[in-house]
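**Q** Sequence:
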Amino acid sequence: DSSVTLTAFTDADHAGCQDTHRNTSGSVQFLRERLISWSSKRQKSAAISSMKAEYIALSGCCAQILWMRLQLSDYGFGFNKIPIYHFIKEQVENGVIELYFVNTEYQLADLFSKALGRDRIEFLINKVGMRSFTPETLKQLMDEVDE
3 DSSVTLTAFT DADHAGCQDT HRNTSGSVQF LRERLISWSS KRQKSAAISS
53 MKAEYIALSG CCAQILWMRL QLSDYGFGFN KIPIYHFIKE QVENGVIELY
103 FVNTEYQLAD LFSKALGRDR IEFLINKVGM RSFTPETLKQ LMDEVDE
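Each residue of the sequence shown is one higher than the one before, counting from 3 in the numbering used here.
Hints are computed from structural coordinates only; laboratory data are not their basis. Each hint should be verified, as a subset may be incorrect.
[To be verified] Here are the computed lysine-lysine pairs in the DSSO-like style, where the Cα-Cα straight-line distance is at most 30 Å: (1) K116 with K141; (2) K129 with K116; (3) K43 with K54; (4) K116 with K46; (5) K141 with K43; (6) K129 with K43; (7) K54 with K141; (8) K46 with K141; (9) K141 with K129; (10) K54 with K116; (11) K129 with K54.
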């Protein structure tokens, strides 16, 4: 079966930048259960509401997912629906994506959109399948490659 699942989480903070009061969009995308893309971007202008900030983040994440879907389709992967956690009405009505509310406790995109404490960052890094290396560990890994 060549059918695969693309899953995305997207979120935004509201006026999180202390200097500009602009919002930060964050998103993560998974192919099956594997993290394949993530993003953290300051939005171009300050949103007047958290809902607008979320919608801007959602639009960017949706564009990324639709591009990924197109690329993967060219490689022969099939899709029924793409579950993405937040999006635009038209895509939902067309059956391209499904929306689900994700409680902040399970919102993986918070890693890329909010200032978090160390414990929360480590929890989310583990959940998305990333690893955190100390500078010393990175140097050891580079030295091993050079050998």
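**Q** Hints first: check each against the structure and report whether it holds.
**A** Outcome of the hint check:
This hinted pair checks out: K116 and K141 have alpha carbons roughly 29 Å apart, not beyond 30 Å. The hinted pair formed by K129 and K116 meets the criterion: a straight-line CA distance of about 16 Å does not exceed 30 Å. Restraint check: the Cα-Cα separation between K43 and K54 comes to about 15 Å, which is no more than 30 Å; the hinted pair holds. Restraint check for K116 and K46: satisfied, since their Cα atoms lie roughly 17 Å apart, inside the 30 Å limit.
A C-alpha spacing of about 28 Å is found between K141 and K43, which places the hinted pair at or below 30 Å, so the restraint holds. Only pairs whose Cα atoms come within 30 Å are accepted, and K129 paired with K43 is accepted, the gap being roughly 21 Å. Between K54 and K141 the alpha-carbon distance is near 42 Å, which puts this suggested pair outside the 30 Å criterion. Taking the CA atoms of K46 and K141, the gap is near 36 Å; set against the 30 Å cutoff, the hint is violated.
With a CA separation close to 25 Å, the supplied pair K141 and K129 stays within the 30 Å bound. At most 30 Å may separate the alpha-carbon atoms for a hinted pair to count; K54 and K116 meet this at roughly 16 Å. A C-alpha spacing of about 27 Å is found between K129 and K54, which places the hinted pair at or below 30 Å, so the restraint holds.
Of the hints listed earlier, those the structure fails to meet are numbers 7, 8, in rising order.
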